[in-house]
Every structure is written in C-alpha cells, then in structure tokens.
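So the sequence lines, in the order shown, correspond to chains A and B. Each residue of the first sequence is one higher than the last, beginning at 1 in the UniProt record's numbering. Each residue of the second sequence is one higher than the last, beginning at 1 in the UniProt record's numbering.
Hints in this document: simulated from the structure, not taken from any laboratory. Errors might be hidden in some of the hints.
Just so you have them, the derived chain B footprint on chain A, three or more residues with Cβ under 8 Å [stated by the list, open to error]:
1) 33-45
2) 53-61
3) 79-88
A virtual CB, placed ideally from N, CA and C, is assigned to each residue, including glycine.
Here is what each chain is made of, one letter per residue.
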Amino acid sequence: MSTPFYVSPQQAMADRAEYARKGIARGRSLVVLQYADGIVFVGENPSRALHKFSEIYDRIGFAAAGKYNEYENLRIGGVRYADLRGYTYDRDDVTARGLANVYAQTLGTIFSSAGEKPYEVELVVAEVGTTAAGDQIYRLPHDGSIVDEHGSVAVGGNAEQISGFLDQRHRDGMTLSEALKLAVQALSSQANGAEKTIPAERLEVAVLDRTRPQQRKFKRIRGRQLSRLLEADVPAAAQADAVSNDEAPEDAEE
Amino acid sequence: MEPNTRGTGRLPAAFLTPGSSSFMDFLGAHAPEMLPGNRKLPEGIVEAPHGTTIVAATFPGGVVLAGDRRATMGNMIAQRDIEKVFPADEYSAVGIAGTAGLAVEMVKLFQLELEHFEKVEGTTLSLEGKANRLSTMIRSNLGMAMQGLAVVPLFAGYDEGKEKGRIFSYDVTGGRSEEHGYAATGSGSIFARGSMKKLYRPDLTEEQATTLVVQALYDAADDDSATGGPDLYRNIYPIVTVITDEGFRRLTEDESQDLARRVTDRRLQEPDGPRAALL
Numbered sequence: 001m002s003t004p005f006y007v008s009p010q011q012a013m014a015d016r017a018e019y020a021r022k023g024i025a026r027g028r029s030l031v032v033l034q035y036a037d038g039i040v041f042v043g044e045n046p047s048r049a050l051h052k053f054s055e056i057y058d059r060i061g062f063a064a065a066g067k068y069n070e071y072e073n074l075r076i077g078g079v080r081y082a083d084l085r086g087y088t089y090d091r092d093d094v095t096a097r098g099l100a101n102v103y104a105q106t107l108g109t110i111f112s113s114a115g116e117k118p119y120e121v122e123l124v125v126a127e128v129g130t131t132a133a134g135d136q137i138y139r140l141p142h143d144g145s146i147v148d149e150h151g152s153v154a155v156g157g158n159a160e161q162i163s164g165f166l167d168q169r170h171r172d173g174m175t176l177s178e179a180l181k182l183a184v185q186a187l188s189s190q191a192n193g194a195e196k197t198i199p200a201e202r203l204e205v206a207v208l209d210r211t212r213p214q215q216r217k218f219k220r221i222r223g224r225q226l227s228r229l230l231e232a233d234v235p236a237a238a239q240a241d242a243v244s245n246d247e248a249p250e251d252a253e254e
Numbered sequence: 001m002e003p004n005t006r007g008t009g010r011l012p013a014a015f016l017t018p019g020s021s022s023f024m025d026f027l028g029a030h031a032p033e034m035l036p037g038n039r040k041l042p043e044g045i046v047e048a049p050h051g052t053t054i055v056a057a058t059f060p061g062g063v064v065l066a067g068d069r070r071a072t073m074g075n076m077i078a079q080r081d082i083e084k085v086f087p088a089d090e091y092s093a094v095g096i097a098g099t100a101g102l103a104v105e106m107v108k109l110f111q112l113e114l115e116h117f118e119k120v121e122g123t124t125l126s127l128e129g130k131a132n133r134l135s136t137m138i139r140s141n142l143g144m145a146m147q148g149l150a151v152v153p154l155f156a157g158y159d160e161g162k163e164k165g166r167i168f169s170y171d172v173t174g175g176r177s178e179e180h181g182y183a184a185t186g187s188g189s190i191f192a193r194g195s196m197k198k199l200y201r202p203d204l205t206e207e208q209a210t211t212l213v214v215q216a217l218y219d220a221a222d223d224d225s226a227t228g229g230p231d232l233y234r235n236i237y238p239i240v241t242v243i244t245d246e247g248f249r250r251l252t253e254d255e256s257q258d259l260a261r262r263v264t265d266r267r268l269q270e271p272d273g274p275r276a277a278l279l
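This is chain B alone, in the form it adopts within the complex (with noise of 0.2 Å):
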C-alpha cells in the first residue's frame, strides 16, 4: 500500500473518514490513477487480445452462464484456454466479451466492488443494485472503448427476493438491459442467439440448460472464427457455471468435459445440431 502509508504508517484520513459502502467511491477519492478510467488513454488504435461469446439462459430455479475459451488477436489465436466466465459473488457471475486485459481488471474490481459493500455494510447488494454497479464500472471505459478497448460483459444471478434466474446484457455506453430467458454477447453472439432461439424453453431443467448452452457456443464456434469450439485433442472445454439458490457452481473439468463430448458426439452424425419442428 505504498501510496497510502507513507510517513507515520497510521491509516491516512481517508481511510477512517467515514463515507461512502463503496470501493470504488473510495479508490477514486484516494487513489483516482489506480481506477482504470482514469488512465491516460494512448493514441490511436491498440491491438489485444479479445475474448468472443459468452451466453447464459434461465431455468426455473436459476440461470446458466458460460463461455468459449479462444482469445483472438486480429486474426491470430492469441490463447487456447483464457476464462472468460467468473463468479462476481456468491449469487451471481459475470462473462466478458472484449479486451480480454480491461475485462479481467474490471471483473476483478467488480468482485472487490461487491464483496467490499458486503464486508462493510454486512450486507449484500440487490441483484440490480450489482448490475447497476457494472453499469458504471463499463460507462466509465467508454473513451477506451472508442479506441478499439471495449468491454461487453453479460452478467447474471440469482435474485433472492425475486427467486429466480434473471441475465442482465450491457452496450459499451454502460446502457443495461434485462434478457428474459437467454442471451449472448461477443461476435459469436449472432450464431448463439439464433441457436438457443430455436431450442430454448422456459421449462429447461438445470441439465438441459447447461446442455442449451454447450449447443449454441458451439454453434458460435461453427460460424465465427474468433469462437474456440471444445478442444478434443487438447482437453480443453467451455467453462459453465450454474448459479442457484445454493450459490454460484462452476462445473468441474470432468462434468464440462462429458457434457461438451456428448455435444461433439451427436454432432458427427448430425453436423447442424438438434432440430426444432417446423410449427
């Protein structure tokens, strides 16, 4: 904490100086150059790696969230296995699409955004007090965003008060929407969207959901090269996560890993994927 502490070693003022539940409210009254909008933008456009789609749909009881592992740098694999899935708290999870190096700083300051509010004020944030908080965390990179560094994340939770799964999609103004039922983001989007369009149900159980989602990523991967479908010869598959009233659950190694190769399986006979009937 060398900026903080420096001299006597006590806690400056502002650390006792009682304020705002929020962190970042916090880091940008004390350490405004450590938030990631208040970085001086460069110029001109910057090449990184960028994360693809992610997709989430509900089930009665919860929701689903999920994404492909490919990071791509103009037409170059840049990684094979990057997560782009991970818990915000214990009721809810966020995917991104993007800058693979914002997103990840920005999900890691949203964790700490939401746990520090819980720490401080004993208790949790609504579930659209949290997608709110996103909200301005994405609205605040926008200048970065116009340079080619945009962040689109999808995030999704269990609403306690609501009981139920509800997904929250984002554009890179920090503009929030509500999706019922399913939704992507990413360049992969478009293909995923059409494919959970045609199998989505709203009375999907947890299994069939996990399964919906495996489907439409790798329908993603099919049509849009940024998209990494399961990888067979390296072992590395989508990464799903559930989040219910028992709490946000990432499938294991072994339980993504049966459900992309059952995927993959029914795929080399039937190449285009499950079929929906024609009315």
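Just chain A, with the same shape it has in the complex (with noise of 0.2 Å):
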C-alpha cells in the first residue's frame, strides 16, 4: 500500500481557493451601487432569461458571478430558506443579514469540506432600507466570509479594478441614471485600460426601489426604460450593433 503524500492544511487551502477564484473569474463582472432610491445591479449578461440578478424577498436581492449552476442552487435555496422564515414568522423577520450569514456558513462549510467541490461563486445580498442610512449591501466570496459594503460594490474576475473605478467615484445621493451610467462606465473598462462597448441589449439591469408601492421592492429595468436612463451614454450606432448580436445563453461564458 502506498503513504499517501503529505499536503500541509495551508497548501490545501490556498489551492482550493485558487480553484475558486480562477472559476469566479472566467465569469464577467457585475456591480451592485446605491443610488438615491434604493440600490441597483448591473451586470454584462447576453442571455435574458438565465439572470444574475434576482428577487429573494420584499426587500432583498441576490446578485452572483461565477458558475451558474451552482450560484442558480443557491439563489433557490435563499428563496426556500425566506419564503418558509417569512411563513414561519413574520414578512419583516426576513433580513438579509439573516441570509447572508445562512449563505456564508454554506459556502464556508462547502470550501472548507475536504470532500467537496469549493464554489465556483462569488455573491452579493442586497436589502433596501426606508431611508438610504437603512439599505445593507454584503459581498460573500468562495471561501464563506462576509464583507459589510457601503456605496459600491463589484464581483467577478475584474472586481478589484473595477472597485477601484468605482470607490473613485461613486458618491451617495446619485439619481438612477448617473448610478447606472457610472456602472457602465465601470464595466467598460477593461483590465489592460482599454474600454470596450456594452450595448444596452447586453445589459442586465435590476433595482430594488424603495419609493415602489408594492411590498416587493424587486423590479428589473428592459427595453425602453433601460435606454431612456442611459441615453446620453449610448449612442444610436453601437444600438444597431447590438441587435445583430446573437444570445448565447449565460452558462457559455464558463
């Protein structure tokens, strides 16, 4: 029988998370901002029917890069996990504190779990408050830690860059518009200081707005809204372009 080789924890560790982090790259980046009226996620996202974005509950959000089979896995079970809390309980006991800490010890069971697979996932759980003082931004990565954001916050292979772009800046108070036009701007940008053209086709927006009269504050922005708030920024011609674009569905980009 052979000695199995010696791999120090250290060594195990760092290369999970390399493994996950490589993975979480492959993916495009999206950004999460607050804006006057709430908080919006935009992502670069050819597919309109697998998203990145999506409700969890009244107020909360769920943003994700990285591999869509296992973020999509996780975003259901958020829905699961506040749909039965909220039955058991009360709506306004469904905090996105609650879920990220749920998510955190998930995907921090997950990665530290010698037997498994780490996630290939980084995400981010969003709650609108009553007043901007009250919205709550969390970045979970690969490895199950938490980070409380303020303002702005990117995920995916790009991140660090595009944060950077982005907490340059972002202030607070920013009307839709300028929050969603920054956030192209940011995702524009590319890593060697290129920047590169994302039609409106190709962006998938959302905003969880706390002025919305409905109880559910989710609410994704298409089609002419979208082009109306980003006028300015996109001309008619890189429009025209766009259509011929072909939709390749999300889970292409792994």
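Reconstruct the complex from the two isolated chains, following the hints.
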C-alpha cells in the first residue's frame, strides 16, 4: 500500500481558493451600487432568461458571479429559506443579514470540507431600507467570509479594478440614471486600460426601489426604460450593432 | 427557521436539492407539520368564527371581487370588520367564506405559493394553474371540512392570455368550476346570486360592476343574518377589489364608502333595490 502524500492545510486551502478564484474570474463582473432611491444591480449578460440578479424577498435582492448552476442552486435555497422564514414568523423577520449568514455558513462549510469541490461563485446580498442609511449590502466570496459593503461593490473576475474605479467616482445620493451610467462605465473599462462598449441589449439591470408602492421592491429594468436611463451614454450606432448579436446562454461564459 | 438550520447554520441539503418550484411541495417534504392539511384533527365539532358572503362579477376588461365584513360564531357576531378578500398576486384575488382562521391561513399559503413559483421560475403561473393550485389546497382540508371547518373560496383574476376577467368557484372537496358572468359563495350567496341574476349584463362598465356587487352584498345582508351590510354608524363598508390588465386594485376606504352610501341612500327610497324589467 502506498503512503498518501502529505499536503499541509495551508497549501490545501490555498489550492482550493485559487481553484475557486479562477472559476469566478472566467465569468463577467457585475456591480451593485446605492443610489438615492435604492440599490441598482448592473451586469453584462447576453442571456435574457438566465439571470444574474433576482428577487429573494420583499426588500432583498441577490446577485452572483461565477458558475451558473452553482449560484442558481444557492439562489433557490435562499428563496426557500426566506419564504419559509416569512411563513413561520412574519415578512419583516426576513433580513439580508440573516440570509447572508446562512449563505456564508453554506459556502464556508463547502469550502473547508475536503470531500466537496469548492463553489466557484461570489455573491452579493442586498437589502433596501426605508432610507439610504438603512440599505445593507453584503459581499460573500467563495470561502464563506462576509464583507459588509457601503456605496458600491463589484464581484467577478475583474472586480478589484472595477471596485477601485467605482470607489473614486461613486457618491451618495446619485440619481438612478447617474448610478447606472457610472456602473456601465466601470464595467466597460478593461484590465489593459482599453474601453469596450456594452450595448443596452447585453445589459442586465435590476433595482430595489424603496419608492415602489408594492411590498416587493425588486424590479427589472429593460427595454425603453433602460435606454431612456442610459440615453446620453449609448450612441445610436452601438444600439444598431447590438441587434445582430446572438443571444448566448449565460453558461457559455464558463 | 428553527426546525431547519439547527447545527452548523448552513442551508440543509433539502434547500439546495433541485426539485419542484412549489413552496407547498417543499414544505411537504421538508417540514410537513407546517402544512395545514397535515395537522392532527381534533375530535368532535369545533366552534370557530365563520366568514360569510363573497361575490364576483366580470365586465369587459376585468373582474370585480367583493366581500362583506361580518364574521359569526353560531348566532353571535364575532367580528364586524373582518377582511375576507385578498390579493393572491398582481393579477388575481381570492375571497374566502367558511372558517375564518383556516381560510386566512390558506390564503397566506396560497399567496406564498404563487410568489415562490414566480421567484424560482422567473415567470408567473397561468390563471388556470393558479386556480388548480387552490383546488389542491382545499382538497387537503377535506378532513377538517367534515368537522365543520370548511373553507370555500372564490378565485378571480385577469387572464393575460385570454385578455379577460375570469371567476372560479369551489366546493369543499376541491371541485373547481369556472363561472361565467357572476358568482357568489357563502351563507348569503343564494340571495346575492338572485340579486346579480336580475341586475347583471355582460356589457357593464367597471363602475357599474362595482355597484352591482355592492347591491348583491346588500341583498345578501338583507336576508341572511350571518352577512353584514354596510355599517353606516361605524364606517365599515364592504371590501371591493377590481382586477384588470393593470393589475389588482382595492377600492380605497373613501371609494367604497361612497359606493356603499349611494346604494344605501337609494334603498331608503326603494328598500328592495333596483328592479329588472318583467319581460
């Protein structure tokens, strides 16, 4: 019988972290920003059916970068968690903090269990408050840590650079249009310093809008409303270009 | 979420197992004791407050669903301002007659079922799908119905595919039937249905349809002691909801007060209400 090779715990963890980070880096980045009336999610996504952003509960939204089947699984788990909790207690007892904790425990357990492949995902859980001061944004990297973010956050492959870009330019109380344009600008700047154009058709945009009269504050922004908000930034030529673009499923970015 | 995240605090395997988009199915598999139908039944007949009359009528472009405000326990009025009509989702509503406690719980679960499906699938159920889902829930309550705790809802919604309002009525076994034009359920429904039968026309406007259902509720309250009429002294008026292609809307307090007052003012002159032509 052969003796198994010894791998130090530090090395094993570093390998797993690198594996997860590489997987996440293959996906496109996305950003989540606070604006005057809530929180906006912006990402490049050629698919209109496979979403990166979705509603978890009344005031809670979810965003994810990385491997689609893995974060979709976590998303549905989160919806089940939130719905069950709201049914057991009350709708007000479902909070982003609680959800983020459960996600962190889940990701952390998977990451540190030797038998399981670490998830190649990075999540954002955001909750819109009744005022901007009440907004909460949590970033959850692959290893199950939680980072409490303010103002703006980027996740995905190019996240560090985009975060830097946003940190310099984001300010409190931006209008939705301003925040959206800033987000698109951030996503368009590439690692090598070059700029690419992301046409409106390839953008996935959603908001948690505290001014919505409905109990459920999550709303997708598409079509005419999106073009209107982007107007100044998207020249007509770029829009015409985008029409001919094929819709590729989100999985294809793996 | 005590029963589910004991231990490490991570999501239990059941939460991450791919499966049905139904919240009830998930609950049935993961926490079956929380489903109303799985509860152990008490022996004998249970006395509990009952809600009474719910009426609905379609008009071109939508549907109106309304309910009175009285809950009774035997011959006693248990509550004067109970709410028995609820939005099920953006384009549908449910009104409940029967045991109030169970009915309200059923509505809560039904709302959650529709919302859960919508969030998981990214699209809403068809109106038929929603109506069938409600059927399943009533069927699971049959045991309690046999002990006097029946829930008999009326479901109304705007069908976006067919572009019209539709009404579904149920019996205690979960039997579902689509009603055309108008429908009523609950103890005062016989009188309400008679009233609507004479006043209903397929070409009503939205305002006429809301007036029609208030007239029908007035007639139900007039002859059925378990149905409450507009309470002018306490300012308690029927709940009237309208569902069109713009979604669900509940008439504001002022609107339903205005509507109820117009009907009651006319009844001062004509206690039996508007009359249909003889031929």
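Each hint tested on the structure:
For the segment 33-45 of chain A, the proposed coverage by chain B is not satisfied: 0 residues have a C-beta within less than 8 Å of a C-beta in that chain, short of the threshold of three. Only residues whose beta carbon comes within less than 8 Å of a beta carbon in chain B count, and the segment 53-61 of chain A has 3; three or more means the coverage holds. Counting residues of the segment 79-88 of chain A whose beta carbon lies closer than 8 Å to any beta carbon of chain B gives 9, which reaches the threshold of three, so the coverage claim holds.
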